[in-house]
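Starting from the given sequences, assemble the full structure and let the hints guide the process.
Protein chains: 2
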Amino acid sequence: MLAKNPILLRSDLFDGVNQVTVEELAAAAQFQTFAPDERIVAEGQPAAFVYRVMNGFVRLSKSESGGREADICVCEPGDTFGEYLLSGGGAYAYSAWSADGAEVALFELSDLRTLADQYPVMHRNGMRIMTRHLLGAMDCIAGDRLHTATQRVANYLVSRCPASASHVTFRLPYRKRILAGKLGLAPEALSRAFAALVPAGVEVRGRTVLVGSVDLLRKAC
Amino acid sequence: MLAKNPILLRSDLFDGVNQVTVEELAAAAQFQTFAPDERIVAEGQPAAFVYRVMNGFVRLSKSESGGREADICVCEPGDTFGEYLLSGGGAYAYSAWSADGAEVALFELSDLRTLADQYPVMHRNGMRIMTRHLLGAMDCIAGDRLHTATQRVANYLVSRCPASASHVTFRLPYRKRILAGKLGLAPEALSRAFAALVPAGVEVRGRTVLVGSVDLLRKAC
DNA sequence: ATCGCTTCTTGATCTGCATCAAGGAACAGC
DNA sequence: GCTGTTCCTTGATGCAGATCAAGAAGCGAT
Chain Z
1 MLAKNPILLR
11 SDLFDGVNQV
21 TVEELAAAAQ
31 FQTFAPDERI
41 VAEGQPAAFV
51 YRVMNGFVRL
61 SKSESGGREA
71 DICVCEPGDT
81 FGEYLLSGGG
91 AYAYSAWSAD
101 GAEVALFELS
111 DLRTLADQYP
121 VMHRNGMRIM
131 TRHLLGAMDC
141 IAGDRLHTAT
151 QRVANYLVSR
161 CPASASHVTF
171 RLPYRKRILA
181 GKLGLAPEAL
191 SRAFAALVPA
201 GVEVRGRTVL
211 VGSVDLLRKA
221 C
Chain A
1 MLAKNPILLR
11 SDLFDGVNQV
21 TVEELAAAAQ
31 FQTFAPDERI
41 VAEGQPAAFV
51 YRVMNGFVRL
61 SKSESGGREA
71 DICVCEPGDT
81 FGEYLLSGGG
91 AYAYSAWSAD
101 GAEVALFELS
111 DLRTLADQYP
121 VMHRNGMRIM
131 TRHLLGAMDC
141 IAGDRLHTAT
151 QRVANYLVSR
161 CPASASHVTF
171 RLPYRKRILA
181 GKLGLAPEAL
191 SRAFAALVPA
201 GVEVRGRTVL
211 VGSVDLLRKA
221 C
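Read top to bottom, the protein sequences are chains Z and A.
Heads up: the first sequence is residues 1 to 221, going by full-length UniProt numbering.
Heads up: the second sequence is residues 1 to 221, going by full-length UniProt numbering.
In case anyone wonders, no lab produced these hints; they're calculated from the structure.
Hints may be right or wrong, so weigh each one.
As the list makes no split between identical chains, a pair holds if one copy fits it or if it spans any two.
[Stated by the list, open to error] Distance condition first, Cα-Cα at most 20 Å in a straight line; then the derived SDA-like pairs of lysine to any residue:
1. Lys219 with Ser11
2. Lys219 with Gly66
3. Lys176 with Ala186
4. Lys62 with Arg218
5. Lys62 with Cys221
Remember, predicted model here, so these are calculated numbers, not experimental data.
Encoded structure:
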């Protein structure tokens with residue numbers, strides 16, 4: 001159970017809540033570890049927990065009758081998902097899958113609701129988290145509708161570059177298949193987008209990305 | 001100023017707040033009326049108000065550098081927008097436009113924040129509203145990514161039919177151009193989708209829609 | 001290193017929708 | 001009713017990206 005408390009206590013959800021209470025809650029939290037591509041929660045199932053990603057990445061997806069599924073979000077360490085359940089609702093609105101493997105903390109929904117009644121600040125915290133998620137979702141909709149695949153990829157790469165740097169090298173945090181899903185693309189389309197960005201100074205070798213000129217890349221958005 | 005208090009007091013945002021306080025707030029609220037396609041708020045501008053649609057419809061949209069814009073939501077009477085500002089943030093994340101004309105109520109953000117500190121239940125209410133918006137946005141993303149134009153239109157029509165009815169006639173609540181935007185389509189694509197749904201028993205004359213068999217239409221989703 | 005598996009890339013094809021352009025229907029004002 | 005305007009539809013074309021199929025590259029295990 002690596003580094004349990006340090007990350008846990010910094011959770012946005014518990015800001016302003018009595019330290020002792022948080023520690024109690026942390027003690028009550030369950031932890032689970034998942035291999036790559038394992039299902040963490042199933043869309044439509046009765047919801048009992050709010051999750052927090054401790055390690056690795058978690059893909060949230062919705063699926064249609066035909067079985068195809070679309071990712072709606074990729075959660076990073078520190079992210080919360082299922083927090084919308086705090087305000088009611090009894091079922092998960094999406095499935096959650098571990099990306100390349102993930103460790104998550106589970107908080108009993110009933111515990112959290114009790115705690116939230118006791119510490120109203122938790123509702124404020126919940127709003128703050130949901131604000132982030134909502135703005136992200138709206139950006140996603142607008143991005144899908146306004147930008148081409150290449151533009152969305154360029155945008156993603158720029159978002160991973162420090163604002164001030166002129167050229168950057170970094171590793172993708174997860175498999176390209178996952179990134180493609182996050183951007184609403186088939187894996188092939190992501191490859192082609194990378195290829196299309198070569199003239200913009202982007203070089204991709206495995207999971208390593210070299211951005212020759214952030215400014216140039218920014219123009220490709 | 002038609003029917004000011006009745007709708008206002010039922011606002012999700014003020015559930016559980018002292019009746020007298022709500023009435024004070026209602027008195028302090030400004031009202032504005034807009035002609036079709038007028039701008040109500042501008043993306044990126046400093047935010048000072050949370051809005052509530054009293055009448056008509058309001059389109060929320062984001063735009064890209066090139067000037068093209070995409071609708072991310074259409075708000076109906078009773079809907080709140082800009083509520084995410086309660087938890088911080090200082091600028092509007094989207095533009096808002098009146099659809100076929102709209103009347104909105106404006107609540108000063110600073111007033112609301114003060115009130116929310118006094119009545120923590122408002123944060124819970126805010127969460128409830130944002131939950132609705134967030135789930136809607138996620139449905140939208142998944143819908144865009146998984147369904148064709150025809151399926152999305154079929155889906156919209158079904159959502160406007162009472163669950164139990166077998167055949168239904170109703171009027172579209174706004175111009176088709178607006179509906180197309182809401183569904184992420186060009187107006188032409190909406191027309192073609194309607195045409196494609198004729199075999200599913202859908203007939204469209206002007207703003208009037210006849211659904212011959214809701215069950216049949218449901219299969220087209 | 002070599003093997004074997006997974007992940008990624010590239011090419012070919014096809015579909016869905018945007019876009020452009022023009023004709024037709026609805027509707028408000030007179 | 002007519003007339004002008006707005007809104008919608010239909011047709012033709014083009015492009016972006018999905019999908020299918022096969023080959024290449026990366027990577028962990030031995």
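Comparing the hints with the structure gives:
In this assembly of identical chains, Lys219 and Ser11 lie within 20 Å of each other by CA distance neither inside one copy nor across copies; the values are 36 Å within and 44 Å between. For the identical chains of this complex, Lys219 and Gly66 are inter-copy neighbours only, at 12 Å across copies versus 39 Å inside a copy, given an alpha-carbon limit of 20 Å. Proximity of Lys176 and Ala186 under a CA criterion of 20 Å is satisfied intra-copy only: 10 Å inside one chain copy versus 31 Å between copies. With identical chains, the CA atoms of Lys62 and Arg218 are at most 20 Å apart between copies only, with a shortest distance of 19 Å across copies and 31 Å within one.
In the homo-oligomer, the alpha carbons of Lys62 and Cys221 lie at most 20 Å apart only across protomers (15 Å), although the nearest pairing inside one protomer, at 27 Å, exceeds that limit.
When held up to the earlier numbered hints, the structure conflicts with hint 1 and nothing else.
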